[in-house]
Amino acid sequence: MPLVRNGKIVDDLFIRILDDAVVPDDVAAIVPAARLLADAGEFVQRGGATGVLWPNDRNVSELAPHLGRLALVALVFPNFRDGRAYSQARILRERHHFRGELRATGQVLRDQFLLLYRAGFDAFEVSKPADAPAFIKAIERYSAFYQPAVDAPAPAFRRRSVKNFRSDQPVN
Amino acid sequence: MYIYDDLDRRLVAERVDEFRDQVARRLSGELTEEEFKPLRLMNGVYLQLHAYMLRIAIPYGTLSSAQLRTLAQIARRYDRNYGHFTTRQNLQFNWIKLSDLPDVMADLASTGLHGMQTSGNCVRNITTDQWAGVATDEVEDPRIFAEILRQHSTMHPEFTYLPRKFKIAITAAPHDRAAVRVHDIGLRLHRNGAGETGFEVIVGGGLGRAPFVGKTIKPFLAKRDLLSYVEAILRVYNQYGRRDNIYKARIKILVHDMGAEKFAAEVDAEWLNIKDGALAIDPAFIDDIAGRFRYPRYEMVIDNPAALKRAQVTNPRFENWFKNAVSPHKAPGYSIVTLSLKPEGGPPGDATSEQMDRIADLADRYSFGEIRVGHEQNLVLPHVAQGDLPAIWAALDEIGVATPNVSLVSDIIACPGLDYCSLANTRSIPVAQELTRRFKSLDAQRAIGRLHINISGCINACGHHHVGHIGILGVEKNGQEFFQITLGGRADEKAELGTLLGPAVPYAEVADVIEDVVATYVELRERPDELFVETVKRLGVEPFKERVYAAR
Amino acid sequence: MTAPSQQKLKVHGSVVVTANRLGDGAVVHWMAGGGWSAELGKAAVVTNAQAAKELLAAATADDVNAVGAYIAPVELNSDGVQPGNLRERIRVGGPTFDLPITFGI
Ligand code: SF4
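Order-wise, the sequence lines are chains A, B and C.
The first sequence begins at 1 in my numbering and counts up one residue at a time.
The second sequence begins at 1001 in my numbering and counts up one residue at a time.
The third sequence begins at 2001 in my numbering and counts up one residue at a time.
Derived by calculation from the structure, the hints in this document are not laboratory data.
For glycine and all other residues, C-beta sits at the position ideal for the given N, C-alpha and C.
Do not rely on the hints blindly, as some may be mistaken.
[Said to hold, decoys possible] Simulated restraints on C-beta separations: (1) B:E1515 x C:G2013: 36 to 46 angstroms; (2) C:G2034 x A:R95: 34 to 44 angstroms; (3) B:A1260 x C:G2013: 34 to 44 angstroms; (4) B:A1394 x C:G2094: 28 to 38 angstroms.
[Stated by the list, open to error] Straight-line C-alpha distance at most 30 angstroms; calculated BS3-like pairs for lysine-lysine: (5) B:K1215 x B:K1494; (6) B:K1323 x B:K1165; (7) B:K1165 x A:K128; (8) B:K1215 x B:K1440; (9) B:K1330 x B:K1494; (10) B:K1275 x B:K1165; (11) B:K1262 x A:K137; (12) A:K128 x B:K1097; (13) B:K1037 x C:K2042; (14) C:K2010 x B:K1477; (15) B:K1215 x B:K1262; (16) A:K137 x B:K1037; (17) C:K2010 x C:K2042; (18) B:K1248 x B:K1323; (19) B:K1537 x B:K1494; (20) B:K1037 x A:K128; (21) B:K1097 x C:K2042; (22) C:K2042 x B:K1215; (23) B:K1262 x B:K1037; (24) A:K8 x A:K128; (25) A:K137 x B:K1440; (26) C:K2042 x B:K1537; (27) B:K1218 x B:K1477; (28) B:K1218 x B:K1545; (29) B:K1545 x B:K1167; (30) B:K1275 x B:K1330; (31) C:K2010 x B:K1037; (32) B:K1262 x B:K1330; (33) A:K8 x B:K1037; (34) B:K1262 x B:K1248; (35) B:K1037 x B:K1218; (36) B:K1167 x B:K1494; (37) B:K1097 x B:K1165; (38) B:K1037 x B:K1165; (39) B:K1545 x B:K1440; (40) C:K2010 x B:K1248.
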């Protein structure tokens, strides 16, 4: 399964840790949510980067206290029609200002790349290998959007209705 | 009319390109049907019994004459010369080929039309009062806010894969012509005690398998907060709405299971986080969107001009139509004209290419190039000078859309049913057709008064049967078509769900039963202007039940 | 008519496998040697659940030429294979009323 990160097909430097497997110290590893929450201290001392795999039915704000130490959050699309992780992604980026890698996992298809990207994902475990090279084309397909999102915090209505809009400009 | 700018046009054009690419990948087998289906649905493409069906959005029910001609042309070129206006202010073509659809979409885009988000688990076409902007009783033009919501919800990166479809309706008049209480979100624009305008926010209404009248969770929401509050509702729904059972996935079930108060508290908590962010609406933005609407420049004309009065006294057919299909307009000397797409024996809501072209011409000549589509599946010419009414009546009569039966018993709302729809239990159009024949006497219809019959071919309730004064729902019994009848539903500001009359009746008896119900009403009403729904409210369904089932 | 997707596999009498053609949505039927035909008369007709299941499996394996395959009842009479219920009659014969082209002008 190819990994697309920042628009390019790259090697995945993270390994996946299953429920109670030992976490090797020096490699980048993605651990299950339950493990991180059970013993956050365990991961503070590690040499390698730590990421977490966060299920889509758990409040993502529980991650807030740990975000500073996490290099990666992987969110899950059990199938592409289950859109809960879009909300989680925006909340992580916009409310908790998470700046690490936000990775889409599960059923991740080409026709959802753009939405995922706009919701704040920057890494994609692409389900179908043939979709990976089409990534840039998919996210450049549209040249404008109406609503604000992670990729464009100013909505179209501001860009076209208020000249010299600054995002810190007070409204009303 | 909302006038597209470059951004609006570009987005629709890019969507056409994307869809062309998706169709090509599907036809080549690169996309499986499972992967493609949500993509085509999001562009309004269904697969029905005989062919693909394309549903085109008519945002807030407003069409230009150029757009109506485009629809006529598409019907001629790619379909079978007609289209079907639906209860959600959309238009459907029933005989489209998938391989033609990218070209159809490109043709639509040439006049700013599209099928985006007319299906799929996303925010659907925002509906409103078909008399918006011209009604005498409205507070403000609700289409401005429908457009703001349309833009916000179009290709929303967070809310395109919701648990289930999501329908928003807005009204800005005390008399609700947009059925806001039976939508996922209903918005009622009104003035509060302090004289400010804002929205009552109603959530969790809806028909279908578990019908609910929506609950008010915010009696007054400032306009500034409209988008952030709607976003908060959608976000709560996206996270907590059920995804394990398609029949329990609508927001109405979440609101019901959580309780409206708890749901409102969740929304408020979410809203606090985002209300002062990028979605806060400033007055300049509202002005900007309002400025994109083109309003007619009405002439200075007087009410009841001589030409109108003369026609009223000299032509009884005209007078009957005038009393039935012409409504007061906010501008002096103008009227709102409803075009009945319910001729005797015709499929409700269908219009041929020729009719569409002629209506477009009439709109240019008499209604500032504008046409409206209402949820009752009729069309409206919204700005007709009263002096032109006799001429426009003659022209409408010639093309069969001047039947003076608006809001009468033969103005039936019906879904496509088993004649087209792959989900249907039973047919609904032939039931409607038979009823229009039974009640063909216009004198008798006028004596009966306002009465809405709504027919759905299955529990999905596209014909809104729960809120029909008389609702007819198709069910299957041992492979045969049967129909459940409900009485006393209504979709307006006094929204209520109908009460079941009794056991389902077979196809061949439906029209007889409805005739009995109507006859019973005429006998039991207290005065000639007691509406059918009022009589049912006063007496319950028992007297109707006795009469109907005693004979069977 | 219960939507075919919710159908339990009980076979009484004769059945065929039917679907809609991908490119234009037209009604098509699975033939005995494989492949689809718009003519019901060319459809493979079977009479028991096992055979129907096998037919359906073969038909659904083809996701490119037709979609939404399911088992539909047919009747055999002197005119050949006929649709076995109202839904199938409408699929084969079209809507049960005159299309609007004959109304208005
Ligand atoms: S109510 Fe049922 S039969 Fe009618 S159009 Fe909707 S899904 Fe089809």
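Now the hints, each set against the structure:
1. For the hinted restraint 36 to 46 angstroms between B:E1515 and C:G2013, the CB-CB distance of approximately 38 angstroms keeps it satisfied.
2. Between C:G2034 and A:R95, the C-beta spacing of about 55 angstroms breaks the proposed range 34 to 44 angstroms.
3. A C-beta distance of roughly 51 angstroms is found between B:A1260 and C:G2013, which places it outside the suggested range of 34 to 44 angstroms.
4. One distance hint, 28 to 38 angstroms for the beta-carbon pair B:A1394 and C:G2094, holds here, with the actual separation near 35 angstroms.
5. A distance of roughly 13 angstroms separates the Cα atoms of B:K1215 and B:K1494; the hinted pair therefore holds under the 30 angstroms criterion.
6. Restraint check for B:K1323 and B:K1165: the C-alpha separation of about 39 angstroms exceeds 30 angstroms, so the hint is violated.
7. A distance of roughly 27 angstroms separates the Cα atoms of B:K1165 and A:K128; the hinted pair therefore holds under the 30 angstroms criterion.
8. In summary, the hint linking B:K1215 to B:K1440 is not supported, as the alpha carbons are separated by about 39 angstroms, beyond the 30 angstroms threshold.
9. For a cut-off of 30 angstroms, the pair hint linking B:K1330 to B:K1494 stands: about 24 angstroms separates their Cα positions.
10. Only pairs whose Cα atoms come within 30 angstroms are accepted, and B:K1275 paired with B:K1165 is accepted, the gap being roughly 24 angstroms.
11. At roughly 43 angstroms between alpha-carbon atoms, B:K1262 and A:K137 are farther apart than 30 angstroms, so this suggested pair is violated.
12. Taken as a hint, the A:K128 and B:K1097 pair is honoured in the structure, with Cα atoms around 28 angstroms apart against an allowance of 30 angstroms.
13. A distance of roughly 29 angstroms separates the Cα atoms of B:K1037 and C:K2042; the hinted pair therefore holds under the 30 angstroms criterion.
14. A distance of roughly 17 angstroms separates the Cα atoms of C:K2010 and B:K1477; the hinted pair therefore holds under the 30 angstroms criterion.
15. For the suggested pair B:K1215 and B:K1262, the alpha carbons sit about 12 angstroms apart, so the restraint of at most 30 angstroms is met.
16. For the given pair, A:K137 sits about 22 angstroms from B:K1037 by alpha-carbon distance, which is consistent with the 30 angstroms threshold.
17. The hinted pair formed by C:K2010 and C:K2042 meets the criterion: a straight-line CA distance of about 23 angstroms does not exceed 30 angstroms.
18. For the hint pairing B:K1248 with B:K1323, the CA-to-CA distance comes to about 45 angstroms; that exceeds 30 angstroms, so the pair is violated.
19. Restraint check for B:K1537 and B:K1494: satisfied, since their Cα atoms lie roughly 12 angstroms apart, inside the 30 angstroms limit.
20. For the proposed pair B:K1037 and A:K128, the alpha carbon gap of about 17 angstroms is at most 30 angstroms, so the pair holds.
21. A hinted pair counts as satisfied when its Cα atoms are at most 30 angstroms apart, and B:K1097 with C:K2042 qualifies at roughly 23 angstroms.
22. Pair hint C:K2042 plus B:K1215 does not hold up; C-alpha atoms about 55 angstroms apart against a cutoff of 30 angstroms.
23. Between B:K1262 and B:K1037 the alpha-carbon distance is near 35 angstroms, which puts this suggested pair outside the 30 angstroms criterion.
24. The suggested pairing of A:K8 with A:K128 holds, with an alpha-carbon distance near 15 angstroms, which does not exceed 30 angstroms.
25. Straight-line distance between C-alpha atoms of A:K137 and B:K1440 comes to about 59 angstroms, which puts the hinted pair past the 30 angstroms bound.
26. Distance hint between C:K2042 and B:K1537 is unfulfilled; the C-alpha atoms sit about 57 angstroms from each other, more than 30 angstroms.
27. As the CA atoms of B:K1218 and B:K1477 are separated by approximately 43 angstroms, the hinted pair breaks the 30 angstroms bound.
28. For the given pair, B:K1218 sits about 39 angstroms from B:K1545 by alpha-carbon distance, which is inconsistent with the 30 angstroms threshold.
29. For the proposed pair B:K1545 and B:K1167, the alpha carbon gap of about 34 angstroms is over 30 angstroms, so the pair is violated.
30. With a CA separation close to 35 angstroms, the supplied pair B:K1275 and B:K1330 exceeds the 30 angstroms bound.
31. Between C:K2010 and B:K1037 the alpha-carbon distance is near 28 angstroms, which keeps this suggested pair within the 30 angstroms criterion.
32. Proposed proximity of B:K1262 and B:K1330 is contradicted: the alpha carbons are some 41 angstroms apart, above 30 angstroms.
33. Distance restraint check for A:K8 and B:K1037: the Cα-Cα separation of roughly 28 angstroms lies within the 30 angstroms cut-off, and the hinted pair is therefore satisfied.
34. Taken as a hint, the B:K1262 and B:K1248 pair is honoured in the structure, with Cα atoms around 18 angstroms apart against an allowance of 30 angstroms.
35. Only pairs whose Cα atoms come within 30 angstroms are accepted, and B:K1037 paired with B:K1218 is rejected, the gap being roughly 36 angstroms.
36. In summary, the hint linking B:K1167 to B:K1494 is supported, as the alpha carbons are separated by about 20 angstroms, within the 30 angstroms threshold.
37. At most 30 angstroms may separate the alpha-carbon atoms for a hinted pair to count; B:K1097 and B:K1165 meet this at roughly 25 angstroms.
38. Only pairs whose Cα atoms come within 30 angstroms are accepted, and B:K1037 paired with B:K1165 is accepted, the gap being roughly 14 angstroms.
39. For the given pair, B:K1545 sits about 25 angstroms from B:K1440 by alpha-carbon distance, which is consistent with the 30 angstroms threshold.
40. Pair hint C:K2010 plus B:K1248 holds up; C-alpha atoms about 28 angstroms apart against a cutoff of 30 angstroms.
Hint compliance for this structure: hints 2, 3, 6, 8, 11, 18, 22, 23, 25, 26, 27, 28, 29, 30, 32, 35 are not met, and every other hint is.
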